Amino acid sequence: MGSSAKKKAEKKKDFQKPKYKVGKAKPKASNFTDTSFRSKAIVMNQQSLSTVAPDVVQQFKHNLSLASSSRNDKQRRDALAYLTSQLSSHPPVNPVGTNILLSKLLPLISDSSTPVRSQLLKLLRVLPEDEAKHSTEQAIMFIRAGMTHLSADISGDSLGVMEWLLDVAQDELVTIPGGWVKTLSTFCVTMGWSLASAAPGWTSAARTGLRAKDAQTLARQISILSRFLQAGLKSETAAAPGPDEYWDNLYRLPRSSNTFEYLNLLGSRRDEEGEMYPNREARQQVFYRRFFDPVTKGIEKVKKEGGAAGRAAVGLDQALKSGMGDYAAAAGMDAQDLLNLW
Amino acid sequence: MVKRKVAALEKIDADFASLQYKIRRDPKSYKDDFLKQWEQYEAQREIFFMSPTTAAADSVESFHNMIDLIAHVADCYPEETRTFPDDLKAIVSQNHETLHHELRDKVVGSLVLLRRKEVIDSTSLLTTLFPILVSSRSKSMREMLFQKILSDMRNSNSKSTNHPLNRTIQAVLYNLVTADRSSPRAIWAIKLTRELWKRQVWTDAKPVDVMKEACLADNEKVVIGSVRFFLGGDKEREELEDESSDEEIDLAKVKHQITINKKSRKQKQAYKNAVDKVKRQEKKKSKPHPLNFSALHLLHDPQDFAEQLFTKHLQSTKNKLSLDTKLLVLQLITRLVGLHKLTIVPLYSWFIKYLTPKQQSVTSILASLAQGVHNLVPPDALEPLIQKIANEFVSEASASEVAAVGLNAIREICSRQSLAMTETLLQDLVQYRKSKDKGVMMAAKGLLSLYREVGADMLKKRDRGKDATMGISSGLMKQRKFGEEEVGGIEGLDLLAKWKEEQRKRKRAEKGLPEDGSDVSGDEKDKDEDGFNSDEWEVGSEDSSDEGEWINVEHSSDEDEPAPKKRKGDEEDEEDNEEDSAAELERMTKLATTTILTPADLAKLQELRAAASVQKAMGSKFRKNKHQQNPDGPTHADDGLTAENIEAPIRLRKLTKEEKVALAKEGKPDREEHKSTQAIRKSKKDAAGKSTSNREKQRKKNFLMTLGKAKSKQKRSLVETRKVLKGHVERSTRGGRRRNGT
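Protein chains in written order, with full-length UniProt numbering: chain Y, 1 to 342; chain E, 1 to 742.
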C-alpha cells in the first residue's frame, strides 16, 4: 500500500486510460538520434561456465542434503526421487554408503508431507537388503516415533516402513536391544490395547465408533503385528555345525553389525524394555509376561467387530498360537523374577 | 529453530494444544491418546540421545513439543510418568552445555512446572538446578536458573517457613563457599543469600554464616559481594519493606468505580481482590513485628571473624585486593569492632601509614578509624594516631578543608574514647575556633563542646564554659576513667515524669486547689500514684470523689516508698530552687524503680519520646549541641560512620546544582510547566476524579444562555413570581433539590 501521495499517484497511473490520438505522430525533432540497436550476441561479464556438468557424486550428495534438510517439501520429494533413480540404476550409484544414507533419511519417516513419505518408502525399497540390515537399530527408533505420531497419516505411512524393515531384517529386528519389547508395546499402544491392566470394574471405552479409515489402519496394524510376532516367535533350527566353525570362532573377524552388543560394554544400563532378547525362549517369556493378556483380549474384541480387521485378527491369532503354543508358562525361573526378588 | 511450514490439514491433526486441553479435562477417557504420546516421547528421547549434540532442528522441535505436552499432563497420570522427572533431570544436568537453547529452557521450565504441580519436591528441583547454575557457561541460562531458583525458594516459604528445605539449601551454599575458596562460583551463593535475606525469607544465623565464610574467600569478587552484604544488606531489607507497605488501596474509590462502569465479572473480581489485599494488609499491621536482627548481630564469634578478616585481607602483604575492596573490608572490620566492642590492637597501628592528606579516599579511612573506636580501646593505642592526624592535617599551612577533616576525625574518635587526647594537644586544637574558615571553626567548636562535656578539666579555664565550671566546682562533673560505664536509665523517663506532674497540677487547678502544692495533696489518685504520705492533709480538703463506687485500697506507705524520699517530699518547700531541681531529677529517674509502668504509661512514654525527637529535629531552641555533629538527625548506635560525617558538614560544602534545585523546590507544588497556582489546583482536582462545584458551573455558564432567563424575569406576573418564590422555599426544605419532574 502506498503511503505517500507520490506512491498513490504512481499506482493510479496504471489504471488510467491512455488517450489515443488520431492522426499523424508528432514529427521527430530535427536533431533526433536513434539509439536503439540490434545485435546477434550478448556478452556477459561474469559467468561460471564449465564444460563438464557437476559429477554424479557431487549431485548425489547435493540431493541427499536437499532431501534431508530442505524446507520446501517439493524440493525434498524431488531430491528423494533423484536418489531413488540413482540407487535403482544398474549398477546402483551410492557414493556415501547405505548406512549414512539411512541415517540422513530416516528422520523423514515423520515428515509432514505425504508425497515425501511415499517417495521415501520407494527409496527404501530399492536399497540393498544386506546393507540396510546394519541400520536396523536406528531405523526401528524412527519407525516407533513415526507409529506413535499424533498425525494419523504419518503413523499409517510408518507402518509401510515397518513392513519394509520386516522384509529386510526381521531377525535383527527382534534381537537387537529394545527391538522386541519396545516395538511390541508401541504396537499395543497404537492399537489401544492398554498394557496396564486397568482397574477392575471399568472398561475404557476407547475406539467406539470406528471410522472406515481407522478400521483399515487397524487391519493393517494387526497384520503387520502378526508378521512381527511370526518373526519373533518362529521356531529356530540350529545351524548344522560346520567343520570350520570352531576355528572360525577363534580366528576370523565377526561379520555381524555389532558383535559384542550383548555385553553392553559402552551403553548405559538397560532395563527390561531396552534389554536384548536373543533367543526364542526369552522372547516367549517376556511376551507371555507382559503382552499375552492384552493381545489376546484385543484379538477377541477385534474378532467380534469382524470386517477386514476381524480377518486380520484371525491371522494374528493363528500366528500367536503357532508361536506360543509350545510355551509352558511355568517353565523355569526367569531372570527378571530373580531381579524382582530384590 | 525455524519452524517448518505446516500444512493446514496437519495442523488440525497434530494439535498438541487441543490434545493437552482434552487430556487435562478428562484424563481417564484420553488415556490411550496419552499412552501413545508417551511412547512417542520415549521414541523421541531415544532418537535424541543417539546424538544429543548434533540433533537436527526437526527432532529437537518435536522433542521440545513432547516434553511440553507431557509436563503439562504429568499430574494426571502419576503412575505412567513416574520416570519423567528423572529423565528431565538427567537430560539437563548431563547435556546443558550442548543442548539447543530452546530445548534447554523448555526442560528447565518443565521441571519447574512439575514442581508447581507438586510432582516433585523443591529439594530435588533445587539440587538439580543449583549445580547447573554454578557451572553453566551461558549467561542467559544462568539468569533464568537464578530466577527460577529464587522464585521457587520464595514460593515454598510463602505460606510458612519451609525449614527442611532452607536447611538443605543453606548447607549446599555453605559447602559451595567453603569447598574452594579461590573459585568465583561462590558468587552465586552470595547472590542467592543476599536476595533471600532482602526479602526476609531467610532471617536466621545460618545465611549469615554462609556470608561470613564468603568474606574469608580468596576471590576478590566474592569478598566484595559478601562484605557489601554485611554493610548494606539490612538497609536493603528495610527499604524493600517500606516499598511494599507503601502501596495503599482506596477501597471507596474501587467501589465507586464499580457503580459508574459497566458491571462485569472482571470488575467484581477486582473488587474482591482489593478487599482481600486490604484485609491482608490490616492483618499484617496487627501482627507483632517480626524480630529481624541485623546480620551483624547474628554473627557467631565476631572477635574471631574480625581478627581473621584483618589478618587475611589487610595485614598480610601477599594479597592483591584493590584499595576500594580494602576500604570495604576495613569498614566491615571497624564496624564490627565498634559494634561488638572487640579488641584488635594491631588494627590501630595499621592505620598509621594511611593517615596522610595525600592518601586516596582518606576521609573514608578516617571514618573507619573513628567507627572502630569504642570506650574499651586502650588510649595508648589511639594517642599516636591522634597525634599523627593533628600533625598531618591540622596546621595553619594546610588547606582549610584538610584541617576541618582532621578536626572532625579527631572529634569523632574522642567522642568514643575521650581519654585518648592529651591536654596540650587539645588546648592547641581548640585554638582553631578562631579560624576564619567556617568549616575549621565549626569543627574546632565541636571538639570544644565535646570536651566541655566529657573532660572539661583538660581545657583551659576560660574555655570551659559556665556549666562545666560549675560542674567541676561542685564535683558533679568528673572525667570518666578507663572502662567505667555510665549508669543506665530509660530514655525519656524524665519526660514522662514531667508530664505526670503537669497532669496532676492541671487536675488540682480544676478543683480549685493551689497548683504548687505539688507533692502534698488530698487527691486520692495522687496518693495512689505517688504513694505520698499525706493523711494529715486529707481532713482539710473536700473529698469530692467523682468516682464514687471505686474504693481505693491504700498501700501501706512503708512498702513502696523508700524512707529518704518521703522526707524529701516533706521538706521540699523549704529548699532552694537549685536543690529542688536536682532532687527533682533524681526523683524522676527513680520513677521506674518506685512504680510499675503500666502499658498506658509506656505508650505515653513512646509518644513523648517521638515528640521530643521531632522537636529536636525541627531545630527548636531546645536542641542540644550534642547533636550538632550530624545534621541529618540522630543516628543509632548500630549505624556506621561514613566519610560524609568526617568531611565538613553538608551545609558548608558547596552545593551542586541538583541539590540547589531540589532545595528550592522543596515544599512547593510540583509543576511540570509554568502555570498559575489556580491551574495547578484545578489539574490536581481533575486528577483526583472530582468534578466542578455548582458555583464554578454557574460562573462558567455561557452568557447568552443566561440572557433569556433574565429577560423573562422582568416580564413575570405576580402569580408567577409567587410560584417561583414558593418553589424556592419548598426546595430549601429539601436540601435544595428539585422534585422529580420539575
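Among the clues, some could well be false.
[What the hints assert, rightly or not] In silico lysine-lysine, DSBU-like type, Cα no more than 35 Å apart, as pairs:
| no. | chain 1 | residue 1 | chain 2 | residue 2 |
| --- | --- | --- | --- | --- |
| 1 | E | K478 | E | K434 |
| 2 | E | K206 | E | K117 |
| 3 | Y | K297 | E | K28 |
| 4 | Y | K304 | E | K22 |
| 5 | Y | K182 | E | K436 |
| 6 | E | K22 | Y | K297 |
| 7 | E | K436 | Y | K304 |
| 8 | E | K434 | E | K461 |
| 9 | E | K139 | Y | K182 |
| 10 | E | K436 | E | K358 |
| 11 | Y | K104 | E | K139 |
| 12 | Y | K303 | E | K500 |
| 13 | E | K22 | E | K285 |
| 14 | Y | K74 | Y | K61 |
| 15 | Y | K182 | E | K22 |
| 16 | E | K22 | Y | K301 |
| 17 | Y | K104 | E | K89 |
| 18 | E | K28 | Y | K182 |
| 19 | E | K28 | Y | K321 |
| 20 | E | K206 | Y | K303 |
| 21 | E | K660 | E | K235 |
| 22 | E | K660 | Y | K301 |
Since the hints were derived computationally from the structure, they do not count as laboratory data. If you're wondering where the values come from, they're calculated on a predicted model, not measured in any experiment.
Does K182/Y pair with K22/E here, judged by a C-alpha cut-off of 35 Å? holds (27 Å)
Is it true that the CA of K436/E sits at most 35 Å from the CA of K358/E? The given pair, whose Cα atoms are some 24 Å apart, holds under the 35 Å limit.
Between K206/E and K303/Y, does the CA-CA distance stay at or below 35 Å? Violated, at about 69 Å.
Take the C-alpha atoms of K74/Y and K61/Y, compute the straight-line distance between them, and say whether it is at most 35 Å. holds (18 Å)
K22/E and K285/E were given as a pair; does the straight-line alpha-carbon distance stay at or below 35 Å? Distance ~45 Å between K22/E and K285/E Cα, so the pair is violated.
If you draw a straight line from the CA of K297/Y to the CA of K28/E, is it 35 Å or shorter? Holds, at about 20 Å.
Straight-line Cα separation of K182/Y and K436/E no greater than 35 Å? Given that 35 Å is the threshold and the Cα spacing comes to 96 Å, the pair is violated.
Hint check: K104/Y vs K139/E, CA-CA at most 35 Å. Holds or violated? holds (33 Å)
Does K304/Y pair with K22/E here, judged by a C-alpha cut-off of 35 Å? holds (30 Å)
Is the straight-line distance between the alpha-carbon of K436/E and that of K304/Y 35 Å or less? With a Cα-Cα distance of about 115 Å, the restraint between K436/E and K304/Y is violated, given a limit of 35 Å.
Are the Cα positions of K660/E and K301/Y separated by 35 Å at most? At roughly 91 Å apart (the allowed maximum being 35 Å), K301/Y and K660/E break the hint.
What's the verdict on K28/E and K182/Y, does the C-alpha distance respect the 35 Å limit or exceed it? holds (24 Å)
Of the hints listed earlier, those the structure fails to meet are numbers 5, 7, 9, 12, 13, 20 and 22, in rising order.
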